[in-house]
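Line order of the protein sequences matches chains A and B. So the first sequence is numbered by this note's numbering: it starts at 985 and just counts up by one. So the second sequence is numbered by this note's numbering: it starts at 985 and just counts up by one.
Just so you know, these hints were derived from the structure itself, not from any lab. Treat the hints loosely; a few may be bogus.
The list makes no distinction among identical chains, and a pair is therefore deemed to hold if it is satisfied within one copy or across any two copies.
[To be verified] The calculated lysine-lysine pairs, modelled on DSBU-like cross-linking and capped at a C-alpha distance of 35 Å, are: (1) Lys1080 - Lys1218; (2) Lys1254 - Lys1284; (3) Lys1254 - Lys1080; (4) Lys1284 - Lys1034; (5) Lys1194 - Lys1284; (6) Lys1070 - Lys1034; (7) Lys1070 - Lys1254; (8) Lys1094 - Lys1034.
Number of protein chains: 2
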Amino acid sequence: MALLRLFLLFVLGFWGSVAVAADPLPSWNEGPAKQAVVDFVSQTTTAGGKDFVPAAERVAVFDNDGTLWCEKPLYVQLAFAIDRVKDLAGEHPEWKTEQPFRAVLENDQKSLLDAGEKGLLQLVMASHAGLSTEEFEQVVVDWLATARHPRFGRPYTECVYQPMLELLGHLQAYGYKTYIVSGGGVEFMRPWTQAVYGIPPEQVVGSTIKTVFELRDGMPTLMRLPEIDFIDDKEGKPVAIHKFIGRRPIAAFGNSDGDLQMLQWTAAGKGPRFCLLVHHTDAEHEWAYDRDSHVGRLDKALTEAEANHWTVVDMQRDWEQVFASGSK
Amino acid sequence: MALLRLFLLFVLGFWGSVAVAADPLPSWNEGPAKQAVVDFVSQTTTAGGKDFVPAAERVAVFDNDGTLWCEKPLYVQLAFAIDRVKDLAGEHPEWKTEQPFRAVLENDQKSLLDAGEKGLLQLVMASHAGLSTEEFEQVVVDWLATARHPRFGRPYTECVYQPMLELLGHLQAYGYKTYIVSGGGVEFMRPWTQAVYGIPPEQVVGSTIKTVFELRDGMPTLMRLPEIDFIDDKEGKPVAIHKFIGRRPIAAFGNSDGDLQMLQWTAAGKGPRFCLLVHHTDAEHEWAYDRDSHVGRLDKALTEAEANHWTVVDMQRDWEQVFASGSK
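For reference, chain A alone in the conformation it holds in the complex:
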């Protein structure tokens, strides 16, 4: 009888969890975007269905900046680089005259934006080098613990989108392997993606600077060089997906033209596919920007999404809540 009770408890407990999980996306308003996500996951994971995908092939790739967390008013990594350039300026007198460093030291946001994505990445790389990989990780962890988003006043890791956390969790619960494929630096993301997104370091693909193996006082060390190894943006994203993952994703999530080729590469595979763009339309609770934005421009990809019937999330319409904390 005790066994029977245990058995029933187990079965009912399981049934109970399923009932509780009936709405896997509570922060999404009912509508075509939410429905498309739920349908795709259901169709690709229902054994015997015509669109069933074996677990090993359930690969979903996510851009990070503007897709999983807030990228305004500046990329978070740029805010980090700015703080770090200011910290290191004493050791680099040449930065007083060299762009984009000068812009940082003079708080000249316009020149900083004029430097373009490549200039910004150079800034990031230069301000990130000269440390061992372990030292750099500690610098990132320390900065994230104290830095605050200028508008929301809370840690950047709390400026992640609640609906996207639910989407990640839903995919993970159904056996999807979720990857980040970001233009951001891989070593800027890995220290916190497991805790925040449930994505382990080995599933984070991003831009890299060169590192070199050396024995430092006899201790094997990887030193970070001030040299860009790879920029994981635009055409680089499918290249990196192929190099790091070696499988074509069946689902891709982005928010800007930098994600277009990743979505094209995903969409062009055989079998069921899912492509989604987050369209920032909620100036009240976050930001509203698209075709003319400096950061996170969404122009060509938006046009292509419409032509290909990719899912476009209208943040204001489709999300009941933007962040885990805070109103809406």
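We have chain A; now place chain B onto it with these hints.
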């Protein structure tokens, strides 16, 4: 009562499987090498033990050539490249005079070996380019289906070491994530590592050639360029481990000086560590080579293994059987 019977069946069934799996390494002779492997896995996976390692951190890295499969008389990928250079020679008249292509076309094995590892990799890269990633995968699959090892007369994928297959399976059964970290080309390995080693494509790290994303007749395509991107050997191995995996392994398996830095990097981490070298000592059933070998030289790493008490497998002494098929 039916429930009780079900319950007992379940418990006894489980107990039964454990009993059957009592020797996870049946092709290993009893001795210090086998014992070291069994002890390490047990110590790192026994909850509450002082050397327990959480599942997420159980990362084990394996060299491929000479560690998991036979690398004599030539690296398998070199045999593939030779066949492919011969196939493509009609389109490349310049190869008649350029080394190392000339050596291939004239079956001049000495000049081929003199070209060194870098020359050989160049040969491999040049003979592997000009195709899309999907076309190249098909070429690899087709070649492996028909090519035969010159001494053993069977497919190369059957020239894998049975004791190492058991070791991989043992680690995998205990929650280890097993990676290949090879000097070989990543796209030469990925098509078959799941079937042969139980290692999925995303856990294969290796040398790469550059690829470029383009729309070919409107179809998103990754084209392989005749340009080396990264050579995953020696100092490159810890660099690649950090870049691709982002975690320091706790166990590393190699067989040559090309694996030394990978073992050093692994050994230098905190907590329990395991480093193993396969020493080829069985000329009767495979090959015997070490400090003076052209292919798979094991010299500095052997010295360092002795100094650091890493586990060294003496193939003749420690392995009861070398290959899955064939005698011993």
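- Query: Is it within, between, both or neither when you check lysine 1094 against lysine 1034 at 35 Å Cα-Cα?
  - Reply: neither (53 Å within a copy, 55 Å between copies)
- Message: My question is about lysine 1254 and lysine 1080: at a cut-off of 35 Å on alpha-carbon distance, are they close within one copy, between copies, both, or neither?
- Response: neither (53 Å within a copy, 41 Å between copies)
- Message: I want to check one pair: lysine 1194 and lysine 1284. Are their C-alpha atoms no more than 35 Å apart within a copy, between two copies, both, or neither?
- Response: So lysine 1194 and lysine 1284 pass the 35 Å test inside a copy (31 Å) and across (26 Å) alike.
- At most 35 Å between C-alpha atoms: does lysine 1080 with lysine 1218 qualify within a copy, between copies, both, or neither? Within one copy only: 32 Å inside a chain, 40 Å across chains, cut-off 35 Å.
- Message: I want to check one pair: lysine 1070 and lysine 1254. Are their C-alpha atoms no more than 35 Å apart within a copy, between two copies, both, or neither?
- Response: between (49 Å within a copy, 33 Å between copies)
- Query: When no copy is specified for lysine 1284 and lysine 1034, does a C-alpha distance of 35 Å or less occur within a copy, between copies, both, or neither?
  - Reply: Within one copy, since 32 Å is at most 35 Å while 56 Å is not.
- Message: At most 35 Å between alpha carbons: which applies to lysine 1070 and lysine 1034, within, between, both or neither?
- Response: Neither. Shortest intra-copy (57 Å) and inter-copy (44 Å) distances fail the 35 Å Cα cut-off.
- Task: Evaluate lysine 1254 and lysine 1284 at a C-alpha cut-off of 35 Å and name the case that applies: within, between, both or neither.
- Result: This pair counts as within: shortest intra-copy Cα distance 24 Å, inter-copy 48 Å.
Consistency with the previously given hints fails for numbers 3, 6, 8, ordered from lowest to highest.
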